[in-house]
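Chemist: Chains as they are written, first to last, in our numbering: chain P, 1 to 215; chain C, 216 to 650.
If you're looking for bench data, these hints aren't it; they were derived computationally from the structure. We treat Cβ as the ideally placed atom computed from N, Cα and C, and that holds for glycine. Hints are supplied without guarantee of correctness; some may be wrong.
[Stated by the list, open to error] On the chain C side, residues computed to face chain P include the following (Cβ under 8 Å): (1) 610; (2) 611; (3) 612; (4) 614; (5) 631.
[What the hints assert, rightly or not] One side only, chain P facing chain C, incomplete, derived with CB under 10 Å: (6) 49; (7) 51; (8) 122; (9) 157; (10) 158.
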Amino acid sequence: MEPSPELLLIVVIPRPERGGSVRLQPGGCELVLESVRGGHTLLWSDGRTSRRFALGLVDEGRLTLELRAPRLPVRVITRDVISLVPGGRLRGYLQIPLVPSLVWHRDGSRPSILIELPPRELAAEWDDREGHSFRCPSSLHSRFPMRSNDPCAVVPVVLCNPSGTVASPPHVPLQLRDAELSELRGTVVVKPRRLRWVGERFAMDAPRDGVPVQP
Amino acid sequence: MLLPSCGESTPPDTDVATELRALRALLAQQQKSGAGVQSPAPGVADRSQITTALQPLREVIDGLAASQRELQTRQVTLTQEMQRWSQLLVETATGARQEEAKAMTQRLQQLEKSLQEQDKRHREVEALMQGALERTADRLEDFLRRLEGTVQPGQPPDQKDTPASKPPIKNGGEPAPGSNGVPPATGTPPATGGGEEDNASGSVGVVGPPRHWSVFWWTLPVVLAASLCVAFLLRLRRLPNRPSVAAATRPTGPANVASPLSRDLDTVQEIWAAAALLGEAVDRLKQNSASQQPPPPPPPQPAITAADGVDLAEISVLGEEREKRVVVPALVAPETAATKPAQDPTAARPAPARATLGPVNPTRNTAVRCRIPGASTQSQAELLRLLADDPRVLRRPEPIMTTTTTAVEVAFDVLPGLPASERSQIEQRLRDAVS
C-alpha cells in the first residue's frame, strides 16, 4: 500500500482475516495488524525503532487509527528568532506534531485509546511552575506549509506585542484540542491563534468561535 | 498551482519525457517530409505548434524550478544549522572552555588564599583588641582606686598593680608630646626618659612611663574614653531601674557623715557604679570573644574591597555558587497544590477513555525507579541514550543514574497517564540493553 498523499484524521483499520494482515502507513510510520491464533498483533515502526503490541479484540467493535492533539500544553520553540517591537505584529504558521493513537470503538460505549504512539518531536518535560508540557520545534512559516506525510497540525498564529517593550519570546505556548482539528488541503489545521505579549509570556485570546483555550 | 506539481514528482517526469519524445518525432518527420518541398513560411506554424506543445512542459519546468529553489534554500539553511551545531560541539569539547575553567580554578584558589590571609589578620586584630580591653579594664580599676585615694589623701597608691597600670592616666593614656599622637613602638624606649616627660608635662606623675608599651597602646585612651562615656550613659539609663547597684557600692563609713566631702563622696560612688557597669561590659566582651574562639572563626565580614585589591564580594558569590553546587537535587519534587499545572479538562470530540489510568493526573507522580543489576559504566551511556530516544520519558527532569557496586539505579519520569504496561516495558528495555 502506497503512503497516503493526504493526512486523514481518522483511518478505520479493517480487521484482517485469520492468518492475514493489514498494512497502513500513516505519516512516516508503518503499522501492520495481523490476525494470529488467539488474538491480534500490531507492529509499529517509525523507521528507527519498532514496537510490537498484542491486542485482544472482540468481533463487535472497530479499530481506528486517529491523529489526536497532544494532551499536554505545547511549547513551540521556533527555529527563527522572533522579535516584536512595541505594537508589532507577526503572522505565520506553526506545525505541531500530532499523536497517532489506536482507538477502539464499540457501540454504546465511549471510545477507548488503546495505544498512543507519541512522535519523537514531542519532548515531554516537567516544570515546577507550569507542570507537564510538551516541547517541540517548528519553523514559523510565512506561507501555508507544504503538504507532507508527517502527522502535523498547522496552526495559524498572530503574534502581537501591545506592551511597551521589545518582545523576544522563548517559545510560543499552544494548547490544541481534538475537536478543533480539521482536514484542509490534505493537511490538518486548527483555528487561528492570536497571542498577546504580556511582559514575560504570551497570553492567548479566545479563538474566533469564542471558545476559550488554555495556553 | 505549483504545490501539486511540487508534491508529485514522478508523473510529471514521465509526461515530460513523453512530450519530448513526441516533439522530436514530429520534428524529424517534418524535416524528412519537408526536405524536397520548402514551404514559404514554415516558422510561423511550427512556432505556434511548438509553443502549444511546450506549454505543459513549461509549467512543469517552472514548478520543478521553484521546487528546486526551495529545496536549495532548505539545504542551505540545514547546512548552516549543522555548521553551527558542529562549531558549538567543538567549542564545548575542547578549546577555550577548558582554558576558561582552568583560569577560573586558579582564580578560585587565589581567592581562597586571600580569604585565609584575611581571616588570619582578623584573628590577630581580634587578639590585640582583646588584650587592649583587658589592659584598659586593669587601668580603669587602678584609676578608680587612685581617685578614691584623692578622697583620702594620706593613702598611698596600690603597689600591687601591674607596671602597665602604674602610671597615671595622663602619662599612660596620652602619647608623649612631640610624637604626633603616635605612641612609642614596642620594645623601643623613647629618646627622652620618664623624668623628662614628667617635667615636660608637669602633671602629678608618681611613676614614670613604662618602656614596654605595645604598638596599640595609643588605642587605650580612646577606648578608655569611649568606655567611660558608655558607662556613664548606661548608668544614667539603668540607675532608676537598678538602685541596688549604687546601694551596694556605697561605702558605709564616710557616706553617712555629713561633711564637706559629701559631694566628692557622691562623685566617687557614681564612678564606682560606672566602673561596675564597665566591668560588666568588659566581662561580656571577654565572654563573647572566648565563646567565639573555639569554633573555627567565621569568615570575615569585611569592607567592600580588601586591602590586597581582592573584591570580597566575588568570594561570597563564589561561596554561594559552591553551596549551590553541593546541593543535591531531589529526585522527586514534593507534590503541592502550587505545582499542579493547568490541564485541558475536556475535549469536544468524544473523549476516549484511557485504557488504564483514566484522566490525566496533573500532579507529578510519574517517577519511575528501577534497579538494573550488572550494569557497567559503558552501559550507562546506552541506558541514557535509550531514555533520551524514548518519547514517553520526560526530558526534564533528566534521568538520574546512581551507580553502586553491583547495580545501577535509574530514576526517570514518564508521561502522565502512561499505562503501567508501558512503564514496565520501558524498564524492561533498559534491562535488555544491559544484558
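Chemist: Could you run down the list of hints and mark each one as holding or not?
Modeler: Do the hints match the structure? See the list:
1. The interface hint given for residue 610(C) holds, since its Cβ lies 5 Å from the closest Cβ of chain P, which is under the 8 Å cut-off.
2. Because the smallest distance between the Cβ of residue 611(C) and any Cβ of chain P comes to about 4 Å, under 8 Å, the interface hint for this residue holds.
3. Checking residue 612(C) against chain P: minimum C-beta separation of about 6 Å stays under 8 Å; hint holds.
4. Interface restraint check for residue 614(C): the shortest CB-CB distance to chain P comes to about 12 Å, outside 8 Å, so the restraint is violated.
5. For the restraint placing residue 631(C) at the interface with chain P, the shortest Cβ-Cβ distance is roughly 5 Å, inside the 8 Å limit, so the hint holds.
6. With a cut of 10 Å, the hint placing residue 49(P) at the interface with chain C holds, because the nearest CB-to-CB distance is about 7 Å.
7. Hint on residue 51(P) holds. Least Cβ distance to chain C is approximately 8 Å, under the 10 Å limit.
8. Taken as an interface hint, residue 122(P) checks out: its beta carbon lies about 6 Å from the nearest beta carbon of chain C, inside 10 Å.
9. Given the 10 Å rule on beta carbons, the hint for residue 157(P) is violated: about 18 Å separates it from the nearest Cβ of chain C.
10. The restraint placing residue 158(P) at the interface with chain C is violated, with a minimum CB-CB distance near 21 Å, outside the 10 Å limit.
In this structure, the hints that do not hold are numbers 4, 9 and 10, in rising order.
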